[in-house]
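Here's the letter readout for the chains.
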Amino acid sequence: MAVPTDDTAALVTAAAAGDPAAWSALVDRFSGLIWAVARGYGLRTADAEEVYQTAWFRLAQHIAQINDPERVGAWLATTARRESLRLLRAGARTSVTSNADILDRAVDDTPERRLVQSEDAASEVERARQLWQAFQQLSERCRELLRVLIASPPPSYVDVAAALGMPIGSIGPTRARCLARLRELVAARGITSGSAYP
Amino acid sequence: MTDDLDFEQELRRAAELLDPLPEGMRRHAVEAFSLRSLDAELAALTFDSLLDAPVPLVRGVQPPRLLTFRSSALTIDVELVDTGRGRRLIGQLDPASPAEIELHAPDRTRTARADDLGRFTMDDIGTAGPVSIRCRVDGASLPVVTEWMSI
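Quick mapping for you: the protein sequence lines, in order, are chains H and P. Quick note on the working numbering: the first sequence kicks off at 1 and runs consecutively. Quick note on the working numbering: the second sequence kicks off at 1 and runs consecutively.
If we strip away everything but chain H, and leave its shape as in the complex, we get (with noise of 0.2 Å):
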């Protein structure tokens, strides 16, 4: 499931040439990994676009001189990694759930949205939400590496490691680990879960 890293280089060296094109399959590649190192973190929404805008301006700054340019995921989460760290050194104030809004507002359906909504999607947000809900109880590491594995499009393993600052071999077990406590904590809600979605 991993993006094809010479697609990568080559989207770099166009747009190192100048073509915009290239820097936007670049951004619809990357940002969910910015976003999920920064949530990871536990940013709230505020810093997290801090994080976010940072890392981009950054990137435009330097891509000319980006050594390798197969590499520039990794690049952009040890900078999306840093920035987050800079903020929360600075004092930002982190966030255990994501906003208590975004919980609310599945569960807060107007009228409208009932009628139009199937009941099949209204009851998949509600398990996502309860999902949540439950990853949130995860200890920090776990969330941590949760949250950036679980980007969309998922991240190759290299990027993983570069936004945690953990090695490559490490990312695997610890996975297992925290995916089978957070099954736990799933199943003490009474959730069903584990099931694919087409």
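Simulated from the structure, these hints should not be mistaken for laboratory data. Don't be surprised by glycine CBs; every beta carbon is placed ideally from N, CA and C. It is possible that some hints are incorrect.
Derived list of chain H stretches under chain P, where covered just means 3 residues or more per stretch with a C-beta under 8 Å from a C-beta of chain P [unchecked claim]:
id : region
1  : 34–45
2  : 58–71
3  : 74–88
4  : 144–154
Got chain H; can you put chain P on it based on the hints?
The following block gives chain P in isolation, referenced to the frame of chain H:
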């Protein structure tokens, strides 16, 4: 384990639904490309007191923040001071020289002049968002821009 992959995908879907990238952020990222300086030398951050020399926080008092940016021919030292009514930026160029200074944020720019001793000051620079300092030394052919960062 395919079970773990399925579970991970379920979590991924939940994140897409409940914690997506906010509206409008992607557009800022795309715009960053057109705002880049094509003819400027980049000054990298080489020192940040926040990370490189952290001082224990005394309740209610923020110590001054010190930053150093270096390009091949110019060093820019920056001090950020909490005046109680906002933040003041005090800059020093090395080698000392007069220059045009611009403080760029993604949506606004402020200007100042560095004097003959390479000193410049900006008051009430605000607290939010990333910034980059653009410096054109009098008589220099290329401006120098600092790496974007949160201050």
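**OP:** Apply the coverage criterion to the region 34–45 of chain H and chain P: a residue qualifies when its Cβ sits closer than 8 Å to a Cβ of the chain, and three qualifying residues are needed.
**Re:** Coverage by chain P holds here, the residue count being 4 at a Cβ distance below 8 Å.
**OP:** Check whether three or more residues of the region 144–154 of chain H sit with their beta carbon closer than 8 Å to a beta carbon of chain P.
**Re:** Answer holds; 7 residues pass the 8 Å Cβ test.
Subject >> Residues of the region 58–71 of chain H with Cβ under 8 Å from chain P, three needed, outcome >> reply: holds (count 7)
Subject >> chain P over the region 74–88 of chain H, status - at least 3 residues with CB closer than 8 Å >> reply: Our answer is that it holds, as 4 residues pass the Cβ test (under 8 Å) against chain P, meeting three.
Taken one by one, the earlier hints all hold for this structure without exception.
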